[in-house]
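Student: For reference, the chains in residue letters:
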Amino acid sequence: MENLIALLIGAPLLGAAVLLLGGRRLDKSGHWLGTLLAAVSFVIGLVLFADMLGKSADDRALHQTLYTWIPVEGFQADMAFQLDQLSMTFVLLITGVGTLIHVYSIGYMEHDERRRRFFGYLNLFVAAMLLLVLADNYLLLYFGWEGVGLASYLLIGFWQHKPSAATAAKKAFIVNRVGDMGLSIAIMIMFTTFGTFTFGPVLAATGEASEGKLTAIGLMLLLAACGKSAQVPLQSWLGDAMEGPTPVSALIHAATMVTAGVYLIVRSADIFNAAPDAQLVVTVVGAVTLLFGAIVGCAKDDIKKALAGSTMSQIGYMILAAGLGPIGYVFAIMHLVTHGFFKAGLFLGAGSVMHGMNDEVDMRRYGGLRKYMPVTFITFGLGYLAIIGFPGLSGFFSKDKIIEAAFAKGGTEGWILGTVTLIGAAITAYYMTRVMLMTFFGEKRWQDDENGRPPHPHESPRSMVIPMVLLAVGSVAAGALFEFSGFVEWLEPVTGFAHGHSPISAAAVTTATIAVMVLGVGLAYVQYGRRPVPVVAPRGSLLTRAARRDLLQDDFNHAVFVTGGTHLTRSLVYVDHSLVDGVVNGTAAAVGGLSGRLRKLQNGYARTYAVSMFGGTAVLIAATLLMRAV
Amino acid sequence: MNPVNYLYLAALLFTIGAVGVLIRRNAIVVFMCVELMLNACNLAFVTFSRMHGNLDGQVIAFFTMVVAAAEVVVGLAIIVSVFRARHSASVDDASLMKL
Amino acid sequence: MSANLAAYTTSTGEAFQFWVLGTVAVLGALSTVLMKKAVHSALSLAGTMIVLAVFYLANGAYFLGVVQIVVYTGAIMMLFLFVVMLVGVTAADSLKETIKGQRWLAAACGLGFGILLAAGIGNASLKDFAGLGTANSAHGGNVEGLAALIFTKYVFAFEITGALLITAAVGAMVLTHRERTERARTQRELSEQRVREGKHVPPLPAPGVYARHNAVDIAGLLPDGTPAELTVMQTLRKRGQIRDVSNEALSDLKALEQRSAERLGREEEASR
Amino acid sequence: MSFPLLTVTAAVPAVGAVLTAAVPAARRTGAKWLALLVSLATLVLAGVVWAQFEPGGPRYQLTESHAWIKDFGVRYELGVDGIGVALIGLTALLIPFIVLAGWHDADPLETSSKRWRPTQGFFALILMVEAMVILSFEATDVFLFYILFEAMLIPMYFLIGGFGDRAHSGSDENAAAQRSYAAVKFLLYNLVGGLIMLAAVIGLYVVAGNFSLTEIAEARANGSLDMATNTERLLFLGFFFAFAVKAPLWPLHTWLPNAMGESTAPVAVLITAVVDKVGTFAMLRFCLGLFPEASKWATPAIVVLALISIVYGALVAVGQRDIKRLVAYASISHFGFIILGIFAMTSQGQSGATLYMVNHGISTAALMLVAGFLISRRGSRLIADYGGVQKVAPVLAGTFLIGGLATLSLPGLAPFVSEFLVLVGAYARYPVAGVIATTGIVLAALYTLVLYQRTMTGPVKEEVRALPDLRARELAVVAPLIAVLIFLGVFPKPLTDVVNPAVQHTMSDVQQKDPQPQIQNVEAAK
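Protein chains in written order, with the working numbering: chain H, 1 to 630; chain P, 631 to 729; chain F, 730 to 1001; chain U, 1002 to 1527.
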């Protein structure tokens, strides 16, 4: 069975290789091949899942070692995979949602002449993401980690002719690299501490390492997670990443890749468990991002950017949960999966809307679309209900658990975190309702595109609709499924689980959650449902304006890193030219000047030279005599 | 008298010859001064030969003469051809070595 | 006179000879350096060399003494004189120094060098003189002794010196010999060319001839009394050895006029 | 006597160079094919060397030894260890691609005379450099190495000064002046280094009495040759200075951007990917092998300089406006990593550094050669003159991107393996240095992607609208290099197998042991 693991990755990798190297002759059929291979991977995943279910809970992990990747004295990195319940969950999410989005892309990218390459990149992404979650050591995980970064770079910048897309892609990669730095340093510390970076031995030996080391590793891993999962302070790339085609936003920047940070933290559970300080920082980052993303999501008029803010916020939930320790890990993953369904569905819905509206993204130019795009409306609506935590839908179950766990953290921290998650839930309800109302309700505020064509909203082709429907089903059912089918027990052998002792009862938390949700929805309805939405955005309060600019984070980055960096590099170029090179050239000039002086002695008269020879001889004799005298 | 005086004489002649090389501009005279220096050396050689009681010094002096003869032949030929080309036997006129 | 003393002193006769001839040699050397004309220098040098030859003989180097006279004074110095003639006997060097400081530097260096050399000699322990008696008699004489050395110990050096001499001879020929690249032009052709160029169709004018001079180097005078350079042969012209007698001629003319005026005056007086 | 395989490996390109130079003017294409064939033959021979080399065997293998200058104990002594084998492999691998990439770089201009034979000269010089570099990787006699180290400057000088990049801004005269400036700068820098090394070589002879690397190292190890501390340090500095100029280490680096900027892309690759490796190779073999104590003494300073190189090179690269100079500064940053790995004095660091030499050679070759193809199309080296090339020449852009990704050490491509090993090795010994060096990976991403973004993406500029995509010959250059990069990225074992034993020897030279992890029995704990 374990030999299938490599195939899991191999299928999409093969697809990527064939599609990218195959050339134009695959233009006609390439997308089918890519989709097929993603589906093959999904089927293999299902087979492995079925196999795993058949085993006892403690014996479910599979290992496969292909070969030794980097063999150096004292340092061994294997090309080896580990498939346990946590990885399995991800495999199914990635291949499942991935396959659906492949199908969706067939329709969405139909008119793009570079569709073959798009599918190649998508397959590359799936392969890299699978490598990330299947790796059995941190270095191989790093391989996958950067692989998804590359795929993300390529896909964000897929429409490279747009400078904004190219810039966004570059920004995403570079910000991610800052996070990657954290991951590499974490691996280095692990290596010097444990002498290995394979999951099993490292996690087993955490008990013997000093807390300081573990805290350092934990914080570095958190830095990595911040980069990949767009958490404060490395969140700035996610909004810009929406320049990529919508299926990309759905798959990579909502459902899978951005959750890799959560995976990393949950995977390193033992390290964090032994480093409470690091855990505290994790929860703080999660809490801050949760509010940050939510606030940004409220202010954006671009439907995809609003959803991106929401993604950030939801991942904040997950990170927060992961920071809570054993009481939260399972729920972080649970929310991750349900979020994967409903956020992917929301993005696909947004893509469908854009598809029908001449690629317009400004929600202020939508309105009243529910009649024109009924299926999109329904699927989007179900996703909406899921995300705001409407009772019974998937988001309700997963988010509720996180809020509960946050309170269960205990002490002042618990109260603060719990309150933050509740506020987050309220804001989530508010901004999602805002999106919903501005897009599907109210009067039409449609505008002609730059070519003067009025939009003709229509339902999308079947290849796009079917994935949306399937994801909507997932958004509705996943939560209940997990809640009642023993998801906790499924993951427990990997992540560990502990029941928290909440200072307030579960029922009270649930009630509060529903209450703040209703509050948020109501507020949004008052603002956007009862009043007409202006086509041109009002100036808004200071907070709104700041939120529109991503709470000035970009401005800060620009002022400090971009401008500062530009000045630094310019001055270094100057230093290199004038100072480092200048010293050398100065020496050369000095020698030249000196020889210019000395040259005057060379007057060309043989007699002058003879005098110097003669004098030299005299000096030599004198020297000889002196030497003898001494 | 001590035969060392021959050596002092040789040294004196050599120095006079060297100074002559330095201050005269006529190539022929310069050349003569070189010959004077060579002769001074020969005198020293011969004196040393007598001093040490063997003939090697004289042999060297003999060789010096032969080489001096060869040198004179070539040197004068050069002077003549330079004179033909430049109508001057002044060593200062041939100052092409300067940059 | 004990044998011990003989080892580092010489006979009184040799001492006398040394002091007299040594002075001559130094004077000769000095005049070689200081004489304005190359011919004088050459002659002074020859004198010095002859003195040196005597010294060689006095030092027991009989062969070298003879060679010195035959080769140096006889051959080399004569070669010098030939070249001096080729270049111009009368061309006197200006002794004015053109390179700034050269003379002072040379003098200073020479003085220092000489003192150091002398100090070196004085410093060396040169008390013991072996004398050449045994060495000269070993092979039956100075010449035989030298021959034994040259043809055994120094035979390679000797052979190489031979090669050097031949090379030098060839070299001198190559340097001085100018290959004719074209046929020598006949008189006829030369005259035809002269007519064709039209510059000087008639023969060149003769130099000025005066009774009191060997006058090849004196330019003929043009009617206004200036010298015509064309009248002097090319070689002298190039050497710059034209004797300018124009002023002399003018003053002669003046004197002549005065004399004739005087005579005329006297005749006038007489006729009065 | 066994077959002198090492001599033959170096002799084939040398003879090939002479033959190529002798090809008549009219047979220009013949000369090119001859050069290509010779370089391929050398590659085959290098493969044989690789196959003959037994990783588990004695330290130096395939040795040859002949008396050369008896009076000074100079011997013609060859032998390879794993590091040498790897670098010979790199050299032999790259030269065919350099030849192929420079196929038209030295074609005579229409206006030049018919007897003018620049093409023959260009390829002959390249082969000559190859011969010298290979021999210098084989030499185990210090004097022989020194001769080669200096002699390779001569063909390089002519390659830089004589065959400039035809793409330049400004007048021809100006470009010629720039080129000659670059060539002279290259020569002077390296000569100064070489002369200081000569003094050290002589000093070594005075102290040790012979030039044989193996004998001296052995004598030092068993204590029969005792150097005074100061003597050893001075000699070490003499050697290190020369190697640091060649490598090049900050602040001796400024010749590299000029030389790489002004020469043609294949020659630039030759400089940075092949010739400069002699410097880092020599640090490992001679500095550490002959002067272990002094190496340890100098390590802190060298590590600091290497760190400055890494960060400084990358930052200055970000500020460059010229594509080739950017790659040059990136190389300076990478050489900082190599030197850091060597002087970290850990197995990982040194294995990583050796791998880095090979991988950097291949990745820079890929990036620089594609950049050269691009530059020759547009006729400009300025980044600002490009834009949107991806649209008109997707294959070119794709290969350029892969070259760039290799430069920024993306996992899956060969440089990642080496860079990570260097970082881990450095961190194990000097944690702070490891962390500072890690910032290099962010900066690498910055300069690479900024370069890619400005040249390849965005709206198509008018001037690049008609650029053709890669031709078959150019693809034949780039595709194998990329294949090797990917292969070594996911399966570096063939390389590490050869390199590891050699690194262990070097580690024992300097009597250093790897720092042990704090928790020893991790497996037991499990």
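A couple of the hints might just be wrong.
Claimed, not checked - In silico DSS-like cross-links for lysine-lysine, where the CA-CA straight-line distance does not exceed 30 Å:
#1 1392(U) <-> 1462(U)
#2 1071(U) <-> 213(H)
#3 162(H) <-> 55(H)
#4 1514(U) <-> 28(H)
#5 1494(U) <-> 162(H)
#6 162(H) <-> 600(H)
Stated by the list, open to error - What follows is a set of in silico ranges between Cβ atoms, one per label pair, in the way DEER data are often shown:
#7 1301(U) <-> 575(H): 42 to 52 Å
#8 1192(U) <-> 811(F): 45 to 55 Å
#9 886(F) <-> 1192(U): 37 to 47 Å
#10 886(F) <-> 1068(U): 49 to 59 Å
#11 1192(U) <-> 832(F): 40 to 50 Å
#12 423(H) <-> 1301(U): 32 to 42 Å
#13 577(H) <-> 1301(U): 45 to 55 Å
Stated by the list, open to error - Chain H is nowhere near these chain P residues, computed Cβ spacing over 12 Å in every case:
#14 638
#15 645
#16 649
#17 695
#18 713
#19 714
#20 716
#21 724
Bear in mind the hints are in silico, worked out from the structure with no lab data behind them. Computed from a predicted structure; not experimentally measured. We put the CB at the ideal spot given by N, CA and C, even for glycine.
Student: Work down the list of hints and note, for each, if the structure agrees.
Tutor: Now for the hints, and whether the structure bears them out:
no. : hint                           : in the structure
1   : 1392(U) <-> 1462(U)            : 10 Å, holds
2   : 1071(U) <-> 213(H)             : 59 Å, violated
3   : 162(H) <-> 55(H)               : 51 Å, violated
4   : 1514(U) <-> 28(H)              : 59 Å, violated
5   : 1494(U) <-> 162(H)             : 42 Å, violated
6   : 162(H) <-> 600(H)              : 65 Å, violated
7   : 1301(U) <-> 575(H): 42 to 52 Å : 24 Å, violated
8   : 1192(U) <-> 811(F): 45 to 55 Å : 52 Å, holds
9   : 886(F) <-> 1192(U): 37 to 47 Å : 41 Å, holds
10  : 886(F) <-> 1068(U): 49 to 59 Å : 32 Å, violated
11  : 1192(U) <-> 832(F): 40 to 50 Å : 42 Å, holds
12  : 423(H) <-> 1301(U): 32 to 42 Å : 52 Å, violated
13  : 577(H) <-> 1301(U): 45 to 55 Å : 29 Å, violated
14  : 638                            : 15 Å, holds
15  : 645                            : 10 Å, violated
16  : 649                            : 9 Å, violated
17  : 695                            : 23 Å, holds
18  : 713                            : 16 Å, holds
19  : 714                            : 19 Å, holds
20  : 716                            : 14 Å, holds
21  : 724                            : 7 Å, violated
In this structure, the earlier hints numbered 2, 3, 4, 5, 6, 7, 10, 12, 13, 15, 16, 21 are contradicted, and the remaining ones agree with it.
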